[in-house]
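Peer 1: Now for the letters of each chain:
Protein chains: 4
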Amino acid sequence: MTTEAPDHWVLTLSCPDRPGIVHAVAGVLAANGGNITESQQFGDAGTGLFFMRVQVESAATEADLESALTEVATEFSMTWSLDRVGRPVRTVVMVSTAAHCLNDLLFREREGRLPIQVVAVVSNHTELAPMAQFYGVPFHHIPVTRDTKPAAERALLDLVDELDAELVVMARYMQILSDDLCRALDGRIINIHHSFLPSFKGARPYAQAHDRGVKLIGATAHYATASLDEGPIIEQDVERVTHADDAGELVAIGQDVERRVLARAVRWHAEHRVLIDGHRTVVFR
Amino acid sequence: MTTEAPDHWVLTLSCPDRPGIVHAVAGVLAANGGNITESQQFGDAGTGLFFMRVQVESAATEADLESALTEVATEFSMTWSLDRVGRPVRTVVMVSTAAHCLNDLLFREREGRLPIQVVAVVSNHTELAPMAQFYGVPFHHIPVTRDTKPAAERALLDLVDELDAELVVMARYMQILSDDLCRALDGRIINIHHSFLPSFKGARPYAQAHDRGVKLIGATAHYATASLDEGPIIEQDVERVTHADDAGELVAIGQDVERRVLARAVRWHAEHRVLIDGHRTVVFR
Amino acid sequence: MTTEAPDHWVLTLSCPDRPGIVHAVAGVLAANGGNITESQQFGDAGTGLFFMRVQVESAATEADLESALTEVATEFSMTWSLDRVGRPVRTVVMVSTAAHCLNDLLFREREGRLPIQVVAVVSNHTELAPMAQFYGVPFHHIPVTRDTKPAAERALLDLVDELDAELVVMARYMQILSDDLCRALDGRIINIHHSFLPSFKGARPYAQAHDRGVKLIGATAHYATASLDEGPIIEQDVERVTHADDAGELVAIGQDVERRVLARAVRWHAEHRVLIDGHRTVVFR
Amino acid sequence: MTTEAPDHWVLTLSCPDRPGIVHAVAGVLAANGGNITESQQFGDAGTGLFFMRVQVESAATEADLESALTEVATEFSMTWSLDRVGRPVRTVVMVSTAAHCLNDLLFREREGRLPIQVVAVVSNHTELAPMAQFYGVPFHHIPVTRDTKPAAERALLDLVDELDAELVVMARYMQILSDDLCRALDGRIINIHHSFLPSFKGARPYAQAHDRGVKLIGATAHYATASLDEGPIIEQDVERVTHADDAGELVAIGQDVERRVLARAVRWHAEHRVLIDGHRTVVFR
Numbered sequence: 001m002t003t004e005a006p007d008h009w010v011l012t013l014s015c016p017d018r019p020g021i022v023h024a025v026a027g028v029l030a031a032n033g034g035n036i037t038e039s040q041q042f043g044d045a046g047t048g049l050f051f052m053r054v055q056v057e058s059a060a061t062e063a064d065l066e067s068a069l070t071e072v073a074t075e076f077s078m079t080w081s082l083d084r085v086g087r088p089v090r091t092v093v094m095v096s097t098a099a100h101c102l103n104d105l106l107f108r109e110r111e112g113r114l115p116i117q118v119v120a121v122v123s124n125h126t127e128l129a130p131m132a133q134f135y136g137v138p139f140h141h142i143p144v145t146r147d148t149k150p151a152a153e154r155a156l157l158d159l160v161d162e163l164d165a166e167l168v169v170m171a172r173y174m175q176i177l178s179d180d181l182c183r184a185l186d187g188r189i190i191n192i193h194h195s196f197l198p199s200f201k202g203a204r205p206y207a208q209a210h211d212r213g214v215k216l217i218g219a220t221a222h223y224a225t226a227s228l229d230e231g232p233i234i235e236q237d238v239e240r241v242t243h244a245d246d247a248g249e250l251v252a253i254g255q256d257v258e259r260r261v262l263a264r265a266v267r268w269h270a271e272h273r274v275l276i277d278g279h280r281t282v283v284f285r
Numbered sequence: 001m002t003t004e005a006p007d008h009w010v011l012t013l014s015c016p017d018r019p020g021i022v023h024a025v026a027g028v029l030a031a032n033g034g035n036i037t038e039s040q041q042f043g044d045a046g047t048g049l050f051f052m053r054v055q056v057e058s059a060a061t062e063a064d065l066e067s068a069l070t071e072v073a074t075e076f077s078m079t080w081s082l083d084r085v086g087r088p089v090r091t092v093v094m095v096s097t098a099a100h101c102l103n104d105l106l107f108r109e110r111e112g113r114l115p116i117q118v119v120a121v122v123s124n125h126t127e128l129a130p131m132a133q134f135y136g137v138p139f140h141h142i143p144v145t146r147d148t149k150p151a152a153e154r155a156l157l158d159l160v161d162e163l164d165a166e167l168v169v170m171a172r173y174m175q176i177l178s179d180d181l182c183r184a185l186d187g188r189i190i191n192i193h194h195s196f197l198p199s200f201k202g203a204r205p206y207a208q209a210h211d212r213g214v215k216l217i218g219a220t221a222h223y224a225t226a227s228l229d230e231g232p233i234i235e236q237d238v239e240r241v242t243h244a245d246d247a248g249e250l251v252a253i254g255q256d257v258e259r260r261v262l263a264r265a266v267r268w269h270a271e272h273r274v275l276i277d278g279h280r281t282v283v284f285r
Numbered sequence: 001m002t003t004e005a006p007d008h009w010v011l012t013l014s015c016p017d018r019p020g021i022v023h024a025v026a027g028v029l030a031a032n033g034g035n036i037t038e039s040q041q042f043g044d045a046g047t048g049l050f051f052m053r054v055q056v057e058s059a060a061t062e063a064d065l066e067s068a069l070t071e072v073a074t075e076f077s078m079t080w081s082l083d084r085v086g087r088p089v090r091t092v093v094m095v096s097t098a099a100h101c102l103n104d105l106l107f108r109e110r111e112g113r114l115p116i117q118v119v120a121v122v123s124n125h126t127e128l129a130p131m132a133q134f135y136g137v138p139f140h141h142i143p144v145t146r147d148t149k150p151a152a153e154r155a156l157l158d159l160v161d162e163l164d165a166e167l168v169v170m171a172r173y174m175q176i177l178s179d180d181l182c183r184a185l186d187g188r189i190i191n192i193h194h195s196f197l198p199s200f201k202g203a204r205p206y207a208q209a210h211d212r213g214v215k216l217i218g219a220t221a222h223y224a225t226a227s228l229d230e231g232p233i234i235e236q237d238v239e240r241v242t243h244a245d246d247a248g249e250l251v252a253i254g255q256d257v258e259r260r261v262l263a264r265a266v267r268w269h270a271e272h273r274v275l276i277d278g279h280r281t282v283v284f285r
Numbered sequence: 001m002t003t004e005a006p007d008h009w010v011l012t013l014s015c016p017d018r019p020g021i022v023h024a025v026a027g028v029l030a031a032n033g034g035n036i037t038e039s040q041q042f043g044d045a046g047t048g049l050f051f052m053r054v055q056v057e058s059a060a061t062e063a064d065l066e067s068a069l070t071e072v073a074t075e076f077s078m079t080w081s082l083d084r085v086g087r088p089v090r091t092v093v094m095v096s097t098a099a100h101c102l103n104d105l106l107f108r109e110r111e112g113r114l115p116i117q118v119v120a121v122v123s124n125h126t127e128l129a130p131m132a133q134f135y136g137v138p139f140h141h142i143p144v145t146r147d148t149k150p151a152a153e154r155a156l157l158d159l160v161d162e163l164d165a166e167l168v169v170m171a172r173y174m175q176i177l178s179d180d181l182c183r184a185l186d187g188r189i190i191n192i193h194h195s196f197l198p199s200f201k202g203a204r205p206y207a208q209a210h211d212r213g214v215k216l217i218g219a220t221a222h223y224a225t226a227s228l229d230e231g232p233i234i235e236q237d238v239e240r241v242t243h244a245d246d247a248g249e250l251v252a253i254g255q256d257v258e259r260r261v262l263a264r265a266v267r268w269h270a271e272h273r274v275l276i277d278g279h280r281t282v283v284f285r
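Chains as they are written, first to last, in full-length UniProt numbering: chain A, 1 to 285; chain B, 1 to 285; chain C, 1 to 285; chain D, 1 to 285.
Misleading hints may appear alongside valid ones.
Stated by the list, open to error - Pulled a few chain C residues facing chain B out of the computed Cβ check, cut under 8 Å:
| hint | residue |
| --- | --- |
| 1 | A99 |
| 2 | N103 |
| 3 | F107 |
| 4 | E109 |
| 5 | E111 |
| 6 | R113 |
| 7 | Q117 |
| 8 | F134 |
| 9 | A244 |
| 10 | A252 |
| 11 | D256 |
| 12 | R260 |
Derived by calculation from the structure, the hints in this document are not laboratory data.
Cβ coordinates follow ideal geometry from the N, Cα and C atoms, glycine included.
Given these sequences and hints, build the entire structure.
Peer 2: Structure, rendered in structure tokens:
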């Protein structure tokens, strides 16, 4: 007879708020020998929804845990997921020619700072193939023209399916996705927009920012949805600029903000810290 | 027969970590008709302690809740407290002549931004009496010399007792407290130190900071303990400075940091968000 | 014969950019025994304008300095001003009922942290009269209704003239000014807008921000112009918020940002650090 | 006959403060057809030194400019330098095994965001050779043991000489340099220390920071001098941490701060924005 070291699980759930949820969930976990190491709950008075994230150590099998959780989830009409803490999330990164976000994501993965496994880099250009190669990630060139866009999107979706990718990251991919593609990847596609949304939607946000004379520029990571630049915001940050910074310098300064905002959003998503609450997000940091 | 609107409670607890704590606590709350609106848990692998803060709506009486919680607290050897959400904490503020922290605390209390009730301002000087008076708070002048220090500290403690004060805030009170006083107020006396501890302990930290040529200055709110400037840190923040800021300007810039760091620490303490974990703190924000 | 300690002057200027400006200005100052203690220059390649701020110690009389500067200013078509470093700028503060910005400005003035002299507090309400009185500043109640608005604005302008006020600060004054009033006070009226412009223009910005689910909220200090919320931005800052902060909490958090952004903008204006460059500003910090 | 486009120069200088410096320098520049595009001056009342940085467009030859500047420099006992704006500074980067700072510097150079040319990566280990190779930079393995340290330092200095390197960056090079080496590279060797100096000097600063329970961690870029961790500070920054971050997570969070603090310090040095003022720095940003 051997004693197994317990596994470390992360459970997330949301459901209509009512008394007894925490007790019921904690009961299921206790009955499976679970020891809670970290947990957060939040009830949104506006939407009437309750959100919960639990990290728990348990020696129970995944099947036993899932079966027990299914029961309580049914009772409370929960949307829920169970995963191993730290399991790398299979991720496709989409880029055009700008390298700063890609470099940051691949470097962090390599250093063990980001619980993702980049299974493919997809681009409508070829400039970033060597960088993908340096980090040992397959590079897929899928060119896009007005005429080939539907075919290109089908190729992307096929690749996502084939690779069992769980997450798609638009790391400064300079193409607008079709509504159908956004819907097909609903809740698992993250975009980085190079402005502090809702300021400066659309094209050339740094030129707009310079023209308006703002004193801070920002970046916004959000789930991509059919409404351009309107998806649920995961993370935002800003950097101070001055009158002396021209539009070109805003681009350079902004790239630093973009890459760190995107890296945080991807990490929190991959750690199951982001729950969607209508067109807003709950982020259990 | 009438239906009472449920009260809103905040429960905090810490105890040796082991499986079943959350389930047991949630069970007590559920049995008393409780609905959890916000909660956080944390297990410190270093000290082996478990920390929990729960906000819960319940129509049960305080006596029933306390009785039920006492039982589970005994079982798990918990240190715990139960309070009404938003109840103003009776607070004594100690000052010397610098007004910036006092003005900030009194103004925030008046605006309903800080769940405290300042029941006395105590000072070894008289300059700030008019400000206390403007905000309708009794002002107590307790002068301190080397010879009268023990008597002055006794007078302070008597006042704290007499006023049922739960919290003492040293809002730039420029006297070093005796070890006995620190012990008597253990865990309920907050000091603001005008540096980013552990840098620049002791006197004249801004002069030290200017001499060292630092590029950021900071402030630290901590529980006062017998070891000067070594108590558990509650909150810290910094502000950018440049070569052009002389020591006097560092003082001015620093006062902004001091007052906002102190205000946050007092708010979190008064909202029962700060739990002491050895010589560190757990802050459930 | 006595030796006078030299006066400390601040000179600001802007003019079409061309070679020789700094040399000419420095020459005038040197000819008047001036010693430059701090200076900054900036050429805006976009507008073709050159901006300069100089702090200089000189024993020359104001008349001599002005006469010498007038000559060079004419040669280079300069807009310029000369003032004593640290001279308090005569300021009218306009408020409605929110106290946080007023309290901050009056407190900073009292502490010697802001080179302004508030010569009047003007309000369309009476709630803040006691605060003005505590700080020893005359309070003027000028009610505004749709019908009396033109008369109220005339009363304000008369007061500004009568008091020789150089600056008007809208410290959360909840009335929209007429275009005529904005023009009459062009370049010397500062407004604090409670959002990170250009996000959330217009009314109820915190409700808008909460609805959009942003992760940072901000405030913007700008010169008021005929185009609402479109005047040249002087300063902006942000604070982090979370999903757990409802619209009411955003207001509370936002007030901290508003008051510090407004205080910085007023200080920089009063120190002659802000120069207008079209619909943008140059800020020599 | 052709008209040359003017060159863009950056002049920095420091000297004992006295009237007439700016006028004299501006005069030399004007006499050489110079148009000042950006300039900053600062007089340090504490040390009595005056500092100046000027960017100027001029069609004069480098020899003419230097000759004219030498004259005025002699008159005012100036320390000065003249360089072309944007000329890449020849840089040697020293590393051990941590890759985050090296990756950041090489990536920024490649993107044209950092006016340096890394002419060699030197390491006492071999792990980072592939990264240097990917970016096309020669990698030099110079092992160090207690016995070989003097020889290793000589090899480094020989390499610096041979490559005409102007700057050495210790990008998490985990060896303590000898006093002689620090002196040989005085003012042109930058170190990144992984704490907010003067907090947590010496080894294992993140473990120290976790033990003390600080709420912010930081990093400090400074010129390396014979006094360990005491050299003039160029830049510092911090990041917020919580009770839930263990020492390992502080390391991860800290690496983000380290790399951006070091990148800023290197950029400002390479742009001639950093002037040494005793054991402090003047940074004209």
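Peer 1: Please flag the earlier hints that this structure goes against, numbers listed from lowest up.
Peer 2: 4, 7
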